[in-house]
Amino acid sequence: MKLKEFIKKPTFLVGCFAVLNVAMYLLIQKFWIGGSSFLPMVGKLGKPGAPNAFLFAFLVNMGVILGAFLGATVSKEFRLRAPRLKSIPKAVLGGILIGMGVTVCPGTCTTAFVTGMPMLSVSSFLSAAGIFIGGYITYKLTMGRCSR
Amino acid sequence: MNLSEKFPLLCAIGILFGVGFGFFVQRAGLCFAHGLGEIFIGRGKRILRLFLVIFILTSIGFLLSGYIYEWLGLDSTKVGLKPIGQIRGYGFYNVLSGILFGAGILLNGGCILGTLRQIGEGNLLFLVVFVSFIPGMAVVVYGLNPWLEGRKADVIQNALLPGLAGVQAAYVTGVLVVLGWIWFYFVRRKTNGSLKG
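Residue numbers (the working numbering), protein chains in the order written: chain L, 107 to 254; chain H, -19 to 177.
Isolated chain L, as found in the complex (with noise of 0.2 Å):
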C-alpha cells in the first residue's frame, strides 16, 4: 500500500488522536475529556483544588473545532448546512440528555471510550455498558431512524 493512501487510512488518522492524546498526558499531564469539559457553560469551571480543571478541557475541545474546520476545509468538505426544523426537537431533547448524561458523573460519555478505557477505569467501562443500553433502547423506540 502507498503512504498516501495509508496516511489517509481512519484506522492511521485515529491512532494519530491517540497517540496525541497520550503525547498531552506525557507533556502536560492532561488528556483529552469530553462531557464535563463544558461545565463552564454552566458557570462551573474546575473543581476544588483544580479550579480551571473545566476551563481548561473546554478550551482544548473549543480547538477540536477549529481543527476540525481546517480538516473539512483542507479537505473541501466543509459547508455551512442550516438545520431542518423537524430535525430539531430531537436534537435539542438528545443534546440535553447528553448534558444530563455528562453532567451526573462527569468523565464517562466519549471519553470512557478514548481515555477511561484504556487507563483501566472501572468507571468508563460501566458508562460504556450504559451508553449500550441507553443506546439500545434509544435505537428499538426509534426504530433506528437516526438523524445522520
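Don't take each hint at face value.
As a list, the in silico EDC-like pairs of lysine to aspartate or glutamate whose alpha-carbon atoms are at most 20 Å apart [stated by the list, open to error]: (1) 170(H) x 18(H); (2) 192(L) x 111(L); (3) 182(L) x 111(L); (4) 136(L) x 18(H); (5) 115(L) x 183(L); (6) 246(L) x 18(H); (7) 115(L) x 18(H).
Simulated coverage check for chain L against chain H, where a stretch passes if three residues somewhere in it have a Cβ under 8 Å from a Cβ of chain H [as the list claims (entries may be wrong)]: (8) 165 to 179; (9) 190 to 202; (10) 217 to 225.
Think of the hints as simulated: they come from the structure by calculation, not from any bench.
Just so it is clear, CB atoms sit at the ideal spot from N, CA and C, and this is done for glycine as well.
Chain H: place on chain L using the hints.
Then chain H, alone, in the frame of chain L:
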C-alpha cells in the same frame, strides 16, 4: 516548569492539541454515536476497528507514560494513572450517566467528538445540540447535585481495574492489549473479506 502555574500558556498548548484532535477526528470521520447505530444494525466493524486502535495505542501509551517519567527522573506521582469519572466513584451513577448519554447520542446522531466535528464541518444542527447541553447540565448541577450531596457516603474513589484485581497495571493492560489486538485482527480480516479489497 509547572505549567499549572502558567494557566494561559497551558491553555494555549491545550488549544493546539485540540486543533490536532479535531483535525484527525474530522479526517477519520470518527463518531461513536454513528458507530453505535452501525453496531445495532449489524454493521459495527468499522467503529470497532477504530475503537480498538485507540484502545490499544492509548493503553500502551498511558501505561508507559509512568515509566517514562521515572526513567527521566521526574516526579512520577504527577503522572500517575488517574482514574476517570471518580466524582461519585463507580457503580449506579456511571450506568445512569451512560444510559442518559447513550440515549442522547442515538437521538441526535452525535457523540461529544462527533458533535464538535460536525460543528467544525459547518453543520449547524449540531450547534443546536451543543447549546442544548446547557439546560441538561444545569438541571443536574443546580437541581440533582445538591440533592445528592448528602448521599455519597458509599462512594469509592480511585477505582481502577488493577486495584480491584489486585495485580499490577502492566499485567491488566498487557492482557487487554493482546486481546484487543487479536480482536482487531479478526475484525479487520472479516472486513477485508466482506469488502474484497
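Evaluated hints:
Our distance criterion of 20 Å between C-alpha atoms is met by residue 170(H) and residue 18(H), whose separation comes to about 16 Å. Restraint check: the Cα-Cα separation between residue 192(L) and residue 111(L) comes to about 39 Å, which exceeds 20 Å; the hinted pair is violated. With a CA separation close to 18 Å, the supplied pair residue 182(L) and residue 111(L) stays within the 20 Å bound. Our distance criterion of 20 Å between C-alpha atoms is broken by residue 136(L) and residue 18(H), whose separation comes to about 31 Å.
The straight-line distance between the Cα atoms of residue 115(L) and residue 183(L) is roughly 17 Å, inside the 20 Å bound, and the hint therefore holds. Pair hint residue 246(L) plus residue 18(H) holds up; C-alpha atoms about 13 Å apart against a cutoff of 20 Å. Distance hint between residue 115(L) and residue 18(H) is fulfilled; the C-alpha atoms sit about 19 Å from each other, no more than 20 Å. Requiring three or more residues with a Cβ within less than 8 Å of a Cβ of chain H, the coverage given for the stretch 165 to 179 of chain L holds, as 14 such residues are present.
Interface restraint, the stretch 190 to 202 of chain L with chain H: holds (10 residues with C-beta to C-beta distance below 8 Å; minimum three). Chain H is given as covering the stretch 217 to 225 of chain L, and this holds because 9 residues of the stretch bring a CB closer than 8 Å to a CB of that chain, at least three being needed.
Going down the numbered hints, you'll see the structure goes against 2, 4, while the others check out.
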